[in-house]
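S.K.: One letter stands for each residue in the lines below.
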Amino acid sequence: MIEKQERLTAKKFWQEFAKGIVITNPVFVLVLGLCPTLAVSNSLNNALGMSAGVIFVLLGSNIIISLLRKITPNLVRIPVFIVVIATFVTILSLVFEAYLPPLYESLGIYLPLIVVNCIILGRAEVFASKNSVVLSIADAFGVGFGFTIALIIISFFRELLGTGGLEVFGKQLFSIPVLAESPMSVFIMPPGAFIVMGLLLALFRMIGVLKNE
Amino acid sequence: MSETGPSLITIFMSMALINNFILSKFLGLCPFFGVSKKLTNAISMGAAVTLVMVMASIATTLIYRFILVPYKVEFMNIIIYILVIASLVQIVELFIKRTNITLYNSLGIYLPLITTNCAVLGITLINAQANYAMVQSIISALGGGIGFTLMLIVMSGIRERIEFADTPKSMRGLPIAFIIAAILSLAYMGFSGMI
Amino acid sequence: MISEKKTGFGNKILSNKIYPIIILSIIVFVAVLLLMLVNSFTQEKIIAEREAKVTNILQKIYPDMQDFELKDDIYIILKDGDVIGYSFIAIGKGYGGEINTIVGLDKDYIVKEISVLSNTETPGLGTKILEAFFTDQFKGLETQDVKLSKDGGKIDAISGATISSRAVTDSVRAAIEQKVEIIKSKNY
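Protein chains in written order, with my numbering: chain A, 3 to 215; chain B, -3 to 191; chain C, 37 to 224.
One thing to keep in mind: the hints can contain errors.
Stated by the list, open to error - Now the stretches of chain B that chain A is said to cover, found in silico as 3 or more residues with beta-carbon under 8 Å:
no., stretch
1, 36 to 42
2, 64 to 78
3, 176 to 184
To be verified - Below, computed lysine-lysine pairings styled on BS3-like, alpha-carbon distance capped at 30 Å:
no., chain 1, residue 1, chain 2, residue 2
4, C, LYS96, A, LYS173
5, B, LYS68, A, LYS21
6, C, LYS129, B, LYS68
7, C, LYS129, C, LYS115
8, C, LYS220, B, LYS68
9, C, LYS96, C, LYS81
10, C, LYS183, C, LYS220
11, C, LYS222, C, LYS143
12, A, LYS132, C, LYS107
As the list claims (entries may be wrong) - Listed below are several chain C residues computed to face chain A (Cβ distance under 8 Å; list not exhaustive):
no., residue
13, ILE54
14, TYR55
15, LEU60
16, ALA67
17, LEU69
18, LEU70
19, LEU71
20, MET72
21, ASN75
22, LYS81
23, ILE82
24, ASP118
25, VAL119
26, SER154
27, SER185
28, GLY189
Don't read these hints as lab results, they were simulated from the structure.
Note that the Cβ used here is the ideal one computed from N, Cα and C, for glycine as well.
The task is simple: from the sequences and hints, build the whole structure.
M.R.: Here is the structure:
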């Protein structure tokens, strides 16, 4: 089976890529990795930083775990995954601390918590440990971008309603006149995360329901 | 505020109510939305997580104080903490299996899930960040665990009832659970003026 | 790269019970080595970044600063060898965690300026403690006035972020009280 997959075509690569973004979107469809999704989506900046981190770790762990898949004994499978993931998270955390200190500070403990992000361990167990390196890369990018898109959508609404404007990399994109003066700050606080996530899930389900009927 | 840092009661209340793990720190959300439909499951899960949180806090505080800081290898904390937590979960699982089979049967399926519960790694990182001493980290883990359990229980109670309510079709299940969590979180923000 | 190294002997002792432990140990060993390597590259930069941040803020508070000395966690600001001010970091407990504030005093212990160094407050709300309209209120205050106006002082809290405002204000006052005593007793 593995050999068959090794003879993959470009088509297969893009299939895996697209699957992660739409059909099995980790956040909106599988509802995985909730902690970072809700915690860092209070600003677009944090959301982008977290997404970049998750893509890096996912890519690294998927590649290494796929490379090691034939020599990893089943018995110590999970510890091996955890060590590999934790290594990449530590590298990420060191690099962020050295080169992007403001982002490092605003992500706080949610940066090291990428280790226990169910999405990454899930991809290692379900996909990377059973598939070739190239397919695992496609999978990592697909799932990673799916996560990014979800985070961008959530943080877009939260920051827009909560502060009355949008800001990326220290640049004010735009602000809505009345809303910026008296923003609905509840949206950048914890309850806002739950409200936006709940409504978005309902919306996606509604679209899904409509399609089926 | 004194130099010695916050008092134990302050830490406990802050972790259990004000900075509730689920409602304000978003830690341990997967079991919160996944498991919490039955009250007994909620209590078992909460108890298991609290136990592992306290044990992990003790172990990681020791490691942090006596290994990581003296040898200046604090950057290794993530990899060491997660391995400690994974082994602790294994030990607890084995111990319960050997000593109390009824408890094992009710807790059993939740134990392996705890390794990847953000709340456990979260509490060890929070303790390290706040530079808590041993007693303080135990109290903060206990507070966090109890706050977590409390929320699981509250949520399971509400969800048991909402099954019979007439919710709009697209809101059924998870979406309405998120809205409930939002309202709970809003209510819990009232505690924030306490300290 | 890593896989090539192990497949050779891996096949021979595949059935062995020790094999999983060996593999796991090798992976942990490689991981630790890799981290040491990355750490050695980034550590210098991380320390430099931290120091640069403090120096920059000090330079902003004391534009004519030429040099500073660090004694007992107090930055003694020097110009032509004379002391022109004292600066130190106040640690307060905010809504989200610790808030570190750099406090700049002139040589008569009047607040010259404060600047929030790091915080984990709610973005757009608690983080308003970073903005000038809040921090400028501290300028020229004596220790006893560094209190929120509702506590009898001269600082107006940010609406909706009382906890963050109070954390900064109270930690600044506590730090001034504590450090000024050290400065006086040790005659810096």
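S.K.: Each hint should be assessed against the structure and marked as holding or not.
M.R.: Right, here's what the structure says about each hint:
1. 36 to 42: violated (count 0)
2. 64 to 78: holds (count 6)
3. 176 to 184: Since 5 is at least three, the answer is holds.
4. LYS96/C to LYS173/A: Holds, at about 23 Å.
5. LYS68/B to LYS21/A: The hint is violated at about 44 Å.
6. LYS129/C to LYS68/B: holds (26 Å)
7. LYS129/C to LYS115/C: violated (34 Å)
8. LYS220/C to LYS68/B: violated (34 Å)
9. LYS96/C to LYS81/C: Between LYS96/C and LYS81/C the Cα gap is close to 22 Å, so the pair holds against 30 Å.
10. LYS183/C to LYS220/C: holds (23 Å)
11. LYS222/C to LYS143/C: holds (15 Å)
12. LYS132/A to LYS107/C: Violated - the C-alpha atoms of LYS107/C and LYS132/A are around 58 Å apart, more than 30 Å.
13. ILE54: Interface hint status for ILE54/C: violated (10 Å vs cutoff 8 Å).
14. TYR55: For TYR55/C, the interface hint holds, since the closest Cβ of chain A sits about 6 Å away, which is under 8 Å.
15. LEU60: Holds, because the Cβ-Cβ distance from LEU60/C to chain A comes to roughly 5 Å (cut-off 8 Å).
16. ALA67: The hint holds - ALA67/C has a Cβ within 8 Å of chain A, the shortest such distance being about 4 Å.
17. LEU69: violated (10 Å)
18. LEU70: It holds, given that the least Cβ distance between LEU70/C and chain A is near 6 Å, below 8 Å.
19. LEU71: holds (5 Å)
20. MET72: violated (11 Å)
21. ASN75: holds (6 Å)
22. LYS81: holds (4 Å)
23. ILE82: holds (5 Å)
24. ASP118: At about 33 Å, which exceeds the 8 Å cut-off, the nearest Cβ of chain A leaves the hint on ASP118/C violated.
25. VAL119: violated (30 Å)
26. SER154: holds (5 Å)
27. SER185: violated (21 Å)
28. GLY189: Check failed: Cβ of GLY189/C comes no nearer than 25 Å to chain A, outside 8 Å.
Hint compliance for this structure: hints 1, 5, 7, 8, 12, 13, 17, 20, 24, 25, 27 and 28 are broken, all remaining hints hold.
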